[in-house]
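Engineer: Listed here are the chains, written in short residue letters.
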Amino acid sequence: MQPIDPQKWLRNKARISPYEIAFWIAALIIPYAFFPNYLALASQIAATAIFCIALDLIIGYAGIISLGHAAFFGLGAYAAGILSQKGWGEPISGALFGAIFAGFCGWIVSFMIVRVQHLALLMITLGLGFLLVELANTLDWLTGGSDGLLGIDTWNLFGVFKFTFWGYTAYGYTLGAAFLVFLLCRRLVNSPFGLALETIRENPQRTTALGVPNRARLQKVFTISAAIAGLAGAILAQTTETVSLDSLGFQRSADIAVMLILGGTGRLYGAILGSIIFLVARDQLSGMNPQYWYFWIGLLLMIVVLFMPRGILGGLEKIKSKLSTKPNQKVDGA
Amino acid sequence: MNALETRNLNKAFGSLVVADDISIQLPKGARHALIGPNGAGKTTLINLMTGALTPDSGSVLLGDQDITGLESNERVKRGLGRTFQINTLFPELTPLESTTMAICERMGVAQNWLSPLANQTEAIDEAFGLLTQIGLADDCTKPTVDLAYGQQRLLEIALALATKPKVLLLDEPAAGIPKSESAALFEAIADLPKDISVLFIEHDMNLVFTFASSITVLVQGKVLVEGTPDEIAHDPLVREVYLGGADHG
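Residue numbers (the numbering used here), protein chains in the order written: chain A, 1 to 334; chain B, 335 to 583.
You can trust all of the hints, since none of them are fake.
If we take Cβ atoms under 8 Å as the criterion, some of the chain B residues that face chain A in the derived model are: (1) Asn407; (2) Glu431; (3) Met435; (4) Asn446; (5) Leu448; (6) Pro450; (7) Leu451; (8) Thr455; (9) Ile458.
Result set (DSSO-like, lysine-lysine): computed pairs, CA atoms no more than 27 Å apart in a straight line: (10) Lys476/B <-> Lys318/A; (11) Lys362/B <-> Lys498/B; (12) Lys476/B <-> Lys13/A.
By construction, these hints were calculated from the structure, which means they are not laboratory data.
Beta carbons: idealized from backbone N, C-alpha and C, even for Gly.
Produce the complete structure using the sequences and hints provided.
Structural biologist: This is the structure we're talking about:
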């Protein structure tokens, strides 16, 4: 047996693979070159991927299950939207404003979140979503209520690139943001903090016995995740120039959780893959049969959860490792 | 000054008294065994010491410091480490990652979210050194769930050592370990640094009488008797209720 070099082993684990570089180049080129009519969809996918990565940080890495994360997505969307409506339409500062506002709200909520687990956690996150939808509905003088927030005007990106109906600028802007968010999160999950989160997810009792202040760590990641979700919402608001109540609602929270579970939790790319599959499938299937497309999503979700408990990406990784190593390895979850 | 001391600890769950006025002193460098029949409250006592449970009354002192009001993780920071009776590990992570995390936490760099883990060379080297010392170096990059049971028991100890404890509480370190793997564990316990004070719960009398310099016998949440291994082995009361008292009701 070869002696183990622990530093090298850990470094290799976090190394950027050629697949990753290929993926991001493809994400830049393919929509522009081959699907110019689908750039609006592509930028919606990229914004959703940002949101899904935010959810992966808390569910996949830290083990905080949320059914109400759209609350922060919507808060970011409304914050950036209202800012623009009131006369400041510069996109980058607007998106950061949405992120900071959502992150601040996430920090407040995190005090409650880290004190509960399991069913109570689901109910609190669910309740938070309900609460915010009704609040936004009631404050219709500010949010436009059920009519949605109108009058958003996003200025040119860098003062040059105009956001048009065709979405050339929108996709570049959203993909750029997604890439930066991805780099940041990749850094986070490969840091000592990221490892601490994984240990808390695996066994919070034990991390306490190792001196880890679990709640402080979880509050930090929840706040970061809320800010990223807010950024995604802000970007979607800027690129579509509208915000509606459903951006805060349960349906969006549920959809994003489905995307994450389809793609695979705890690996960042699972969040991206899930967003692509879900939104492309919705686009294609709803074109064929607008009413029943959730039937197919439901079926896909059940198949994936039954046969690939770690999501599509987790399933692919397993197949790959089975092909490359000897088949006498232990199956996990024993 | 004792490394660890409890003063008149009391704890009851409803009408069930699990700790009844327990006062124990653990001198520096001690090898102290805690024995007693099932349900005597041994693990409860450890949980009271570590802060996993809060006593109804009484206090816990680490050195000269009263730690009764501190959270568990803060007690660890002050030098109180523990292992668990049932393997309480991170199944999906490797021993290298688990141990490195524990050391990063101790060094105060575990909140760092913008620099790579691989840059924590000091922590990684220390983790690998610890795993080598305990005999897990060859398997330290396998997921914990794939390790043999005895190896997982060793990892329990490595993790506790990673916190650099002054006092180490071992809750049945040899529980469930097959005979073929127990030698490595005995060796790990024998090799524990001499300046660490160790309190261990154990049913294996071989282990108790090999390592303990003093023994406390706990029965129904109460200290029955305390003494050297020799005294305990010849104490008629202990023989009656614990070591051989099958006829006692």
